[in-house]
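Enquirer: In this note's numbering, the protein residues as written are 1 to 330.
Simulated from the structure, these hints should not be mistaken for laboratory data. Note that this is a predicted model, so its numbers are computed, not measured.
Beta-carbon label-pair distances, calculated as ranges:
1) Lys8 - Gly137: 39 to 45 Å
2) Asp43 - Leu142: 30 to 36 Å
3) Arg160 - Asn50: 55 to 61 Å
4) Ala234 - Glu116: 19 to 25 Å
5) Arg110 - Gly137: 22 to 28 Å
6) Lys205 - Pro174: 38 to 44 Å
7) Asn30 - His238: 39 to 45 Å
8) Ala44 - Ala239: 34 to 40 Å
9) Ala153 - Ser109: 48 to 54 Å
10) Glu290 - Met107: 47 to 53 Å
11) Asp106 - Pro162: 55 to 61 Å
No residue lacks a Cβ here, since even glycine has one placed at the ideal position from N, Cα and C.
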Amino acid sequence: CLFQVSAKAYSPEFYFDTPNPTRSHKLSKNYSYVLQWTQREPDAVDPLLNYRLSVRQLNQHNAMVKAIPVRRVEKGQLLEYILTDLRVPHSYEVRLTPYTTFGAGDMASRIIHYTEPINSPNLSDNTCHFEDEKICGYTQDLTDNFDWTRQNALTQNPKRSPNTGPPTDISGTPEGYYMFIETSRPRELGDRARLVSPLYNASAKFYCVSFFYHMYGKHIGSLNLLVRSRNKGALDTHAWSLSGNKGNVWQQAHVPINPSGPFQIIFEGVRGSGYLGDIAIDDVTLKKGECPRKQMDPNKVVVMPGSGAPRQPHPQLWGPMVIFLLALQR
1 CLFQVSAKAY SPEFYFDTPN PTRSHKLSKN YSYVLQWTQR EPDAVDPLLN
51 YRLSVRQLNQ HNAMVKAIPV RRVEKGQLLE YILTDLRVPH SYEVRLTPYT
101 TFGAGDMASR IIHYTEPINS PNLSDNTCHF EDEKICGYTQ DLTDNFDWTR
151 QNALTQNPKR SPNTGPPTDI SGTPEGYYMF IETSRPRELG DRARLVSPLY
201 NASAKFYCVS FFYHMYGKHI GSLNLLVRSR NKGALDTHAW SLSGNKGNVW
251 QQAHVPINPS GPFQIIFEGV RGSGYLGDIA IDDVTLKKGE CPRKQMDPNK
301 VVVMPGSGAP RQPHPQLWGP MVIFLLALQR
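Let's have the full structure, built from the sequences with the hints guiding it.
Expert: If you want it as structure tokens, here you go:
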């Protein structure tokens, strides 16, 4: 037996995590807004035909009403509509009502506010040194346990934990800034801090994320690099991870990524088993193309004062070592 279900559609659910939803227009005092939403239980009723959109400036009576036609809507599918001709700096009430052959469904409403838009960085020259308070458009994730901190040698807490964290940024100058996670109390094992990049529009198949990291201390946890896809909602995938004490040196990583659409990169610091676990990053670069095959030259590792030079195998030992290895293979 087949049953035809006819009932009011459930209300749409607005998506509030849209990156940089506001877009301003230089030649006018208008702005546009990227409105995104999902439909609650779309398969529970008749197929959706359209949405009725109502936009009204706050403290005004007149509203703009428009029908937004849609095809088959899947559960979890992120729908999008760009609101245009909004006046700077006014706020607006938005109402969205789904329609089926049964008629109007449950309505959802929200208020949108004008915020100064953050322009996507120019990928041809996109190295962030964290010298400016705006930190290149990076933001703190609101769903993690604590935040990354921007500091330099001049702003360090004189009572900070010894034997962890860098004394200076990668340049070695006291004025240079970097980002780090402070793992002293009240932080606990497994606490996470995420630093989220601006939104990038993918225009190439491959990208390379290069950055310097400093992981010094006997309680070092993990540093993860994630890529957040913005094709449909927000999907995070791990691209790189490193754990444990790596010495009092700045070292460089090159991480290849191949996003299929708009994306963000996320630096996630994870607190280890104790307070001697500060992790720092500096000089983050995002470039089109593949990463260099060879990682940073060990001779170019930046050694912090008093840490001693990185040990390298003595060239005279290579000959006997090769002979010994060949003998083992026979």
